[in-house]
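If you read the protein sequences in the order shown, they are chains V and F. Sequential numbering from 666 applies to the first sequence in our numbering. Sequential numbering from 13 applies to the second sequence in our numbering.
In case anyone wonders, no lab produced these hints; they're calculated from the structure. Glycine residues also receive a C-beta, built at the ideal position from the N, C-alpha and C atoms. Fair warning: there could be bad hints in the mix.
Unchecked claim - Label pairs and their in silico Cβ distance ranges:
#, chain 1, residue 1, chain 2, residue 2, range
1, F, Val145, V, Ala901, 40 to 50 Å
2, V, Arg822, F, Gln23, 44 to 54 Å
3, V, Lys764, F, Val27, 47 to 57 Å
4, F, Ile18, V, Thr697, 23 to 33 Å
5, V, Thr697, F, Val27, 29 to 39 Å
6, F, Glu180, V, Ser783, 49 to 59 Å
Stated by the list, open to error - Just so you have them, the derived chain F footprint on chain V, three or more residues with Cβ under 8 Å:
#, segment
7, 785–792
8, 804–814
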Amino acid sequence: MTTTTEKSVNPQAGKAGTPLLEVRDLHVEFRTRDGVAKAVNGVNYSVSAGETLAVLGESGSGKSVTAQAIMGILDSPPGFVTQGQINFQGRDLLKLSEKERRRIRGAKMAMIFQDALSSLNPVLTVGYQLGEMFRVHQGMSRKDAKAKAIELMDRVRIPAARERVNDYPHQFSGGMRQRIMIAMALALEPDLIIADEPTTALDVTVQAQVMDLLAELQREYHMGLILITHDLGVVADVADKIAVMYAGRIVETAPVHELYKQPAHPYTRGLLDSIPRLDQKGQELYAIKGLPPNLLRIPSGCAFNPRCPMAQDVCRTDIPVLHPVTDSRGSACHFWKETLDG
Amino acid sequence: MGRYVIRRLLQMIPVFIGTTLLIFIMVYALGDPVSALFGDRAPDPATAAQIRHDLHLDEPLWKQYLLYMAGIFTGNFGTAFNGQPVTELMRTAFPITVRLTIVAILIEAVFGVLLGVVSGLRRRGWVDTAVLVLTLVVVSVPTFVTGYLLQLLLGVRWGVAPATVSAEAPFNELIVPGLVLAAVSLAYVTRLTRTTVAENARADYVRTAVAKGLPRHRVVGRHLLRNSLIPVVTFLGTDIGALMGGALVTERIFNIHGVGYQLYQGILRQNSPTVVGFVTILVIIFLIANLLVDLLYAVLDPRIRYA
Ligand SMILES: Nc1ncnc2c1ncn2[C@@H]1O[C@H](COP(=O)(O)OP(=O)(O)OP(=O)(O)O)[C@@H](O)[C@H]1O
Ligand SMILES: [Mg+2]
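Using the sequences and the accompanying hints, generate a full structural model.
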């Protein structure tokens, strides 16, 4: 088995200036009683202001853990960042003190979670929870903070904000609750928003509304957005580029339309083939065979090799680096050329 | 809410009748109070019959119960073994036990919550381990052992606290007895707090609070504790009733003439008016405390609505 030095594809090809956020060779592990789970194993990605990066991948591939490491809210112990850099606005967050990180959290970067009902405090009013952002970060008075909370609720189009500011989370519908989460993330006009499956817990009918609102606000405030999702349909609509994760690594990264047209990794191809498509109605849906790897024992070589239809001997021994496919895309597959052509 | 309270108050009536009837029957089963009155001497049959008649002891049980209940509602709880009206005993005993209970509840709340929060946040730390062992010891040692031990050490050997309590039973003399009375519940509050704090610490809303960039004291104080303490407050509320009735052993050890002491005397001398009267009041306190706890619960947790 050879060790890997991942040379990353220039993430910002074609865009001027340094990116807002650049994650470099990030490693995260969970030291549990059963052993060390290597959840993130050298992730590289970047987002610029006004740009949307969609992160795709099966359950357990490390999408949320990467996001938690960026936010600095990793469950630690057992989770530890063991290697890498998280450069945000020119500073490596991993080198900052906890106090400095806390000032950034919520103010410069904010996170939207999947389940708004459990993510909001059940015993505090939404007005209090929104206003808290201003009171803590800006030292605003209780009264002013409440006015700000109402303003925010209007901003995310919650009807009758003035009357509802003193309501509790359980008194809102799922869609309205997620709007409150969005409002809370937006409160201090951060430069980066990480949305971890923001619409998964919602009814299909309100999913689109919430997603549209998020995309609209992102454009308006010119924020960077990391969108973690399983929904390939949503990705096509709102994302600029995609990073596909597998077993804690980025296996493919590409501008969204190029990736849809021509995947350069067999795993991405499998993911794309497994979405139902209108023009192929009636055909059997494809599913990637096998299960995601156990993170306590990741297969040697390419982690995807046991499930890959193209696997050769080299795939079982050598970890593939992220090969530059073009200026703006990369694939961590020994046979990326063949995949691209096939 | 108003309708809920009324419904709960109405529900108390059958509970009240049931418990008082039960205790009435049990006291009745203790044996003949009149022969107990005379101690070892055999009573003169004529006098005994006269006393029995005066106390309605020659009536059937159900009639005795009805007569007793009728008495209660006119404020007549009967006469104690020493000839005093039972209400007179209550007037001196209850304030003392209430003070003792206040001391005990305060000790439980302050130390139980404090220890529980520290060990819940630092699970498997040395504080947590020490607290776990300590609570286990406290729970498994009977109250009279902790009681006599503390009395001996603090009161007699080192003389830092009075060994027995004077008749007025002021607050400062009740600290050690309060600690003894609180001990088992204190261990329970500690464990309960530890569990709910540890559970809530992993909750999504706590993660949100951290992601908002709130300082740790705010994450813990405003978000984590506010949720974790709901079951603890509920327990403390119900414990008020239990402590007041359960002070029997503690009051004996420290010679406190409170409710437990009077109850003990009542049972010893088979004086049914004392026993039934005190238990009746305790039942009422218990029922009201429970109602208040339920109402408090709705205040603390906005998701609960009574209709
Ligand atoms: N608190 C934790 N303790 C132990 N292991 C953890 C913890 N959080 C995450 N992990 C490990 O990290 C792995 C990756 O988790 P992560 O939440 O990043 O997956 P994901 O890609 O977000 O999946 P999903 O689509 O289901 O949200 C998990 O499979 C688990 O083994
Ligand atoms: Mg996730």
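Cross-check of the supplied hints:
{"no.": "1", "hint": "Val145(F) <-> Ala901(V): 40 to 50 Å", "verdict": "violated (59 Å)"}
{"no.": "2", "hint": "Arg822(V) <-> Gln23(F): 44 to 54 Å", "verdict": "holds (46 Å)"}
{"no.": "3", "hint": "Lys764(V) <-> Val27(F): 47 to 57 Å", "verdict": "holds (56 Å)"}
{"no.": "4", "hint": "Ile18(F) <-> Thr697(V): 23 to 33 Å", "verdict": "violated (53 Å)"}
{"no.": "5", "hint": "Thr697(V) <-> Val27(F): 29 to 39 Å", "verdict": "violated (50 Å)"}
{"no.": "6", "hint": "Glu180(F) <-> Ser783(V): 49 to 59 Å", "verdict": "holds (53 Å)"}
{"no.": "7", "hint": "785–792", "verdict": "holds (count 5)"}
{"no.": "8", "hint": "804–814", "verdict": "violated (count 0)"}
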